[in-house]
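Participant: Given the coordinates of chain U, work out where chain W should sit on it, guided by the hints.
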Amino acid sequence: MQQLTEIRWHARAGQGAVTAAKLVAETALELDQYMQAMPEYGPERMGAPIQAFTRISTIPIEIHNNIEHPDVVVVLDESLLSIVDVTRGLKEDGVVIVNTCSPAAAVRSRLGRTTGRVAAIDASGISLDKLKREMPNTPMIGALAKATGLFEVDAVCDHLTKTFGKKFTQEIIDANVASVRTAYEEVSIDG
Amino acid sequence: MATQKTVSATGNAVVADAMRQCKPDVMAAYPITPQTTIVEEFAGFVAKGRVHTEYVTVESEHSAMSACVGASAAGARVMTATSSQGLALMWEELHVASGMRLPIVMANANRALSAPINIHCDHGDAMGARDAGWVMLFAETAQEAYDNTIMATRIAENPAVLLPVMSCLDGFITTHSIDRVDVLDDESVAEFVGEYAPQNALLDIDQPVTHGAFAGLGGPFFEFKRAQRDAMERSREVISSVGAEYSELSGRPFGAVESWGMEDADVAIVVIGSTAGNVRHVARQLRAEGVKAGIVKVRVFRPFPYAELAAALSGVKAVAVLDRAESFGAEGGPLFLEVRSALYDAETRVPVAGYIYGLGGSDVRLELIERVYSDLSDIAAGTAQPGGFVYLGAR
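Line order of the protein sequences matches chains U and W. Residues in the first sequence are numbered from 1 upward in steps of one, following the working numbering. Residues in the second sequence are numbered from 1 upward in steps of one, following the working numbering.
The shape of chain U in the complex, shown without the other chains (with noise of 0.2 Å):
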């Protein structure tokens, strides 16, 4: 693995991308690796475009600044492929995650991607059908440790079951590691 990975989420404000970005960071320090999470604070309002950011790394991590050119981007509404250039600084050789009902090939020529590999999920189907609400975030990193590898997806669902055993009961923490699960399976992959 390299030393550095950077990921970029795209999503709406509301949809959890900020405690999916949060999640990702510390299932990577559970596995003893560096990280950083950071939303980009701005104007709070339900629906509206945001970016959060992690950084995992076997190194100490010394840079603090937004992600310029990410290796992985993760968007969590496919509506915001039209407004926002999600794919901006990707690297040549960089994953993207896209929510969607659409296969990854067809994801790819959207958005006109020639190089790298391309992943789609319906993390909002997932969601509907397990938590019966739509929440995509969590479906999305298991979508995520299955297109880039960067961590197991048991990794992800015994941090997700500890951490949220604090706050959720068990059915919702069920339902959150089934959606994790789900997705890992499922996402299309191209790439």
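Just so you know, these hints were derived from the structure itself, not from any lab. Take the hints with a grain of salt, since some may be wrong.
[As the list claims (entries may be wrong)] Computed footprint of chain U on chain W; a stretch qualifies when at least three of its residues, placed anywhere within it, have a C-beta under 8 Å from a C-beta of chain U:
id, region
1, 165-178
2, 269-283
3, 364-371
Just so you know, even glycine gets a beta-carbon here, dropped at the ideal spot from N, CA and C.
Facilitator: Chain W alone, transformed into the frame defined by chain U:
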């Protein structure tokens, strides 16, 4: 070394935790972005009985610092936190706290001052208070913000010092980012800071004293100020010994000035706060390309470490100073002025270039730092002169 636990937390969360571990008797605070989560977390500790602090909710920062002054004069260990406009509103009490020699510890989440309104990081708030007589520490990371808070308590309360200490961390960048931090166990911190033994406490009725008395014409005002200066000078030695003791406890180094690559550097950047990390990152890359780049991070701004800075910079061919604050009408930002002053007595006159960067949270992209090092290489080679006023990356 103490037992430590590795946690994932924001800078504000670990500052609040450090304050809890230092067990203040009183906290008087008013919330302001991006400091709010410090006082919010701390209020939670009080509510849960995890710390037995008298938590005073006040109606403004003016009142917050007034209450801190009163409580500290009474003989309590006192802490608070603020940011930006809040610090500005405390202005008169900042001088009262230092003039009355009250060892208050305050976290400041560095944020731009209005106008225009902006909630993001720069050092304009703290630099505006640099002559208020407070010891000033700056953190690069959440880890340093945690460590500085604990050291601040010992420095402030040292009988040779008795000055308030402001512990600064970069707004949002450090206050709100989740980072990997090693925290000490409660017992080790309690033992390190010790019980507070107030001097001249108003509540010590066996030894009645007056605080903040009139010292007008013919009075000892002038001598009071000299005593304050002497205390600030004595704090140098205290900061250094507290830092050494804390390093022993935590295993983490501490210096008023922290250098990287300066043993044989041709070009060096002097910087404060989180940007030091970005600069070190770029310096490492340049080293790999054969550029002898170095960095000097200033962790203590008051008292300013002139001797350490001059020593660190001896032998370089060109220096750049990055300021995240303005001093309109001056030749450069506050750090630039100090660095040039520190180098005045040096044997050879090193060219010093000043840059203003990152005001109001303007992002410090790595290519901007690369540009500064590239400018320095030109200056060192004699093909360019430092000069003018550079607003790094301004559109």
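Participant: Look at each hint and say if it fits the structure.
Facilitator: How the hints compare with the structure:
1. 165-178: holds (count 7)
2. 269-283: With 6 residues in contact (Cβ-Cβ under 8 Å with chain U), the coverage given for the region 269-283 of chain W holds.
3. 364-371: holds (count 3)
Violated hints for the displayed structure: none, as all numbered hints are satisfied.
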